[in-house]
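Given chain A's structure and the hints, the job is docking chain B onto it.
So the sequences go chain by chain: A and B. Everything in the first sequence is counted per the working numbering, starting at 1 for the first residue and increasing by one. Everything in the second sequence is counted per the working numbering, starting at 253 for the first residue and increasing by one.
Derived by calculation from the structure, the hints in this document are not laboratory data. Any given hint could turn out to be false.
Unchecked claim - Pairs of lysine-lysine, BS3-like flavour, derived with a Cα cap of 27 Å: (1) A/243 x B/485; (2) B/270 x B/309; (3) B/518 x B/485; (4) A/197 x A/93; (5) B/505 x A/197; (6) B/673 x B/354; (7) B/354 x B/406; (8) B/518 x B/505; (9) A/93 x B/505.
Remember, predicted model here, so these are calculated numbers, not experimental data.
Now for the letters of each chain:
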Amino acid sequence: MKDDLAKETAGSVDLRQVTEARVLLGRFGAGLPTRAAQLFLLDHARARQAVWSAVDWASLRAKLADLSPETVDVESQAGDRGTYIRRPDLGRKLSPESAERLAGIHPGCDVVIVVADGLSASAININAVPLVQAIVERLSSRQLSIAPLILASLARVALGDPVAEIIRARVSIVLIGERPGLSSADSLGAYMTCLPKAGTPDSRRNCISNIRNGGLSADNAADAVVSLVLDMLKAGTSGVALKDAVARLPTS
Amino acid sequence: MPYKTTIEQTVFSFADLKDLLAKATPERSGDQLAGIAADGPVERLAAQMTLADVPLKTFLAEELIPADWDEVSRLIVDRHDPAAFEIISSLTVGEFREWLLKPETGQRQLEAVTFGLTPEMVAAVSKIMRLQDLISVASKREVVTRFRSTIGLKGRLSTRNQPNHPTDDSYGIAASAIDGLLMGSGDAVIGVNPATDTVDDYVRIVSLLDELRMRLSIPTQTCCLGHVTTAIKAIAAKAPVDLVFQSIAGSQKANDGFGVSLALLKEAHEAVRDLGRGAIDANLMYFETGQGAALSAEANFGVDQQTMEARAYAVAREFRPLLVNTVVGFIGPEYLFNGKQIIRAGLEDHFCGKLLGLPMGVDVCYTNHADADQEDMDALLTLLCAANVNFVITVPGADDVMLNYQSLAHHDAVYCREILKRPPAPEFERWLVDIGLTDMAGRLLDAPPRLADRIADARLLGA
Numbered sequence: 001m002k003d004d005l006a007k008e009t010a011g012s013v014d015l016r017q018v019t020e021a022r023v024l025l026g027r028f029g030a031g032l033p034t035r036a037a038q039l040f041l042l043d044h045a046r047a048r049q050a051v052w053s054a055v056d057w058a059s060l061r062a063k064l065a066d067l068s069p070e071t072v073d074v075e076s077q078a079g080d081r082g083t084y085i086r087r088p089d090l091g092r093k094l095s096p097e098s099a100e101r102l103a104g105i106h107p108g109c110d111v112v113i114v115v116a117d118g119l120s121a122s123a124i125n126i127n128a129v130p131l132v133q134a135i136v137e138r139l140s141s142r143q144l145s146i147a148p149l150i151l152a153s154l155a156r157v158a159l160g161d162p163v164a165e166i167i168r169a170r171v172s173i174v175l176i177g178e179r180p181g182l183s184s185a186d187s188l189g190a191y192m193t194c195l196p197k198a199g200t201p202d203s204r205r206n207c208i209s210n211i212r213n214g215g216l217s218a219d220n221a222a223d224a225v226v227s228l229v230l231d232m233l234k235a236g237t238s239g240v241a242l243k244d245a246v247a248r249l250p251t252s
Numbered sequence: 253m254p255y256k257t258t259i260e261q262t263v264f265s266f267a268d269l270k271d272l273l274a275k276a277t278p279e280r281s282g283d284q285l286a287g288i289a290a291d292g293p294v295e296r297l298a299a300q301m302t303l304a305d306v307p308l309k310t311f312l313a314e315e316l317i318p319a320d321w322d323e324v325s326r327l328i329v330d331r332h333d334p335a336a337f338e339i340i341s342s343l344t345v346g347e348f349r350e351w352l353l354k355p356e357t358g359q360r361q362l363e364a365v366t367f368g369l370t371p372e373m374v375a376a377v378s379k380i381m382r383l384q385d386l387i388s389v390a391s392k393r394e395v396v397t398r399f400r401s402t403i404g405l406k407g408r409l410s411t412r413n414q415p416n417h418p419t420d421d422s423y424g425i426a427a428s429a430i431d432g433l434l435m436g437s438g439d440a441v442i443g444v445n446p447a448t449d450t451v452d453d454y455v456r457i458v459s460l461l462d463e464l465r466m467r468l469s470i471p472t473q474t475c476c477l478g479h480v481t482t483a484i485k486a487i488a489a490k491a492p493v494d495l496v497f498q499s500i501a502g503s504q505k506a507n508d509g510f511g512v513s514l515a516l517l518k519e520a521h522e523a524v525r526d527l528g529r530g531a532i533d534a535n536l537m538y539f540e541t542g543q544g545a546a547l548s549a550e551a552n553f554g555v556d557q558q559t560m561e562a563r564a565y566a567v568a569r570e571f572r573p574l575l576v577n578t579v580v581g582f583i584g585p586e587y588l589f590n591g592k593q594i595i596r597a598g599l600e601d602h603f604c605g606k607l608l609g610l611p612m613g614v615d616v617c618y619t620n621h622a623d624a625d626q627e628d629m630d631a632l633l634t635l636l637c638a639a640n641v642n643f644v645i646t647v648p649g650a651d652d653v654m655l656n657y658q659s660l661a662h663h664d665a666v667y668c669r670e671i672l673k674r675p676p677a678p679e680f681e682r683w684l685v686d687i688g689l690t691d692m693a694g695r696l697l698d699a700p701p702r703l704a705d706r707i708a709d710a711r712l713l714g715a
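Chain A extracted, bound-state conformation (with noise of 0.2 Å):
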């Protein structure tokens, strides 16, 4: 069997034009084309290399010198990649010295966006640069106060919640690589807290996913983000109750 029969097996309904699902591989017996078969494998290295590698927070710091010249690097206690796979809790908590070096920041302002690594060191390397980009953009010609971006290793989003309390901001945005697919392993997710501290459920969160070339654009995406950011801080309130309060508020 060729490999162009999996088209002709189809007949004249090319499945493959509306789902990007792996449809009309072909087969040998029971097995996939050769080809196919290590497109998979390429694609499932690339999601476990996105997952296990580091950020390269040098180059996303020079590139953002101009944005934000002042940024703040945290970690969270899980100490290295294998804990933190392991130990979710503990990537939900700051480091000590981190906890320090946040403490020396002028506290109290209304936004603050932290950059965590999440699972994919890729999705922070490829597409956090355009996204913080939009998002202070958008945040600066509201005239909102903005912390000093925080860069977090180790983190999952909850480490977002103590962040922001020792800097008392009002509203968190946290951009996190999200859990890579075989299809995008450079997926960044952003979660938007309003008033967060240390404990906050995960019912108080609102999300954006699927940023990425080919997913949501940066430019959406920031759109989304500041359009909740801002519903936040009117309504002092996130999460599943966000859209109630909103529709109480005044419409003047």
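Structure of chain B alone, referenced to chain A:
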């Protein structure tokens, strides 16, 4: 009650039954995360040896989670059948293992003790069984369920065709479902995990799948795996709902986290039964479970994740489900770290489900942050076929583009049918021959373009 054992002058003690079970559990990251695992292989063995001497009766006397405030515990107590328990009532956990393994214990004996067994008893015995033991016993226990197809007959393997799409696009779902059908997958169910959870989308998805099924006269069931409350609303709107799906777990608090209770599941079961789409005794529910679900909801109460998983089966069997599967590798490496842990958990879950009388399937799967790959899935699938698993889940090229994890490929089902000689449900097996997708020997044919066209007909795609 504390438990104690001495091995070569070293005394090992365990605070209570819960502690003993947790420490006797073969190593896995979830119990380590919970801080309840054994402190190394020697303590684990000490716990397993102590557990082997615990009488089965102890599990009726000592509660892990008090029935006073947990409805799953209450259900387990209420449904325990002392008459069915009688024949094994004098055994210890270790003797129970031997009873299960001996050739004289066959389908009849295993079926007879089904409601004499509690989840805690089967979880306990599984902890002192190696993979081969779990396979030997499970392969003797046939659990057959019926709707349009007959699932679970010995020597057969059914598949769930899982045509997920990232935005629930109708064309995308249909294309993926058709790809699976052309590969002979879908006799257990054609079931979509929706990306959205609105009633409108639910109704659209079940209507689309139902039309596909009817146009091709496929002897199978369809399902949208939305929340049970969405299903109830869709049923009220007279949508073509074959099966009601729900994720469930082993404690009331964990089920609370899923937004369900026993009363709500009962309401859904009655609603779908009243639609009358199957025979009067058809099985109409579909449940998914998975080790770690209770812990992730902080609702495990210090009980190990595998025992909590078995307790979810008590919930499932209350509703005579058509299908139950553990999503064994989906929940992530903080619960099952690598291929070895996923493989063992898959076989444990299948074993425990079958002994408790469930039509047990497995989603043979892993995520990209787990230390596992396709070869681990080959091993688990082959072992599960030896264990006589009822069904597995297959997707195009093993890549679920909506849930972002790897399940089995439709190709893997071909491997089971043709290499391991596990044909699908008899009704579906006949349909495959009749429509021209397999030859009389059950070998998959490359569908001639005309047939493929008919199946992938554009009008169909527009359903």
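We went through each hint and held it up to the structure:
1. A/243 x B/485: Roughly 23 Å separates the two Cα atoms, so the pair holds.
2. B/270 x B/309: The hint holds at about 15 Å.
3. B/518 x B/485: holds (15 Å)
4. A/197 x A/93: Given pair residue 197 of chain A, residue 93 of chain A holds - Cα atoms ~11 Å apart, limit 27 Å.
5. B/505 x A/197: holds (25 Å)
6. B/673 x B/354: Cα-Cα ~26 Å, so holds.
7. B/354 x B/406: holds (19 Å)
8. B/518 x B/505: Since the Cα atoms of residue 518 of chain B and residue 505 of chain B sit roughly 18 Å apart, the hinted pair holds (cutoff 27 Å).
9. A/93 x B/505: At roughly 25 Å apart (the allowed maximum being 27 Å), residue 505 of chain B and residue 93 of chain A satisfy the hint.
In this structure, every one of the numbered hints holds.
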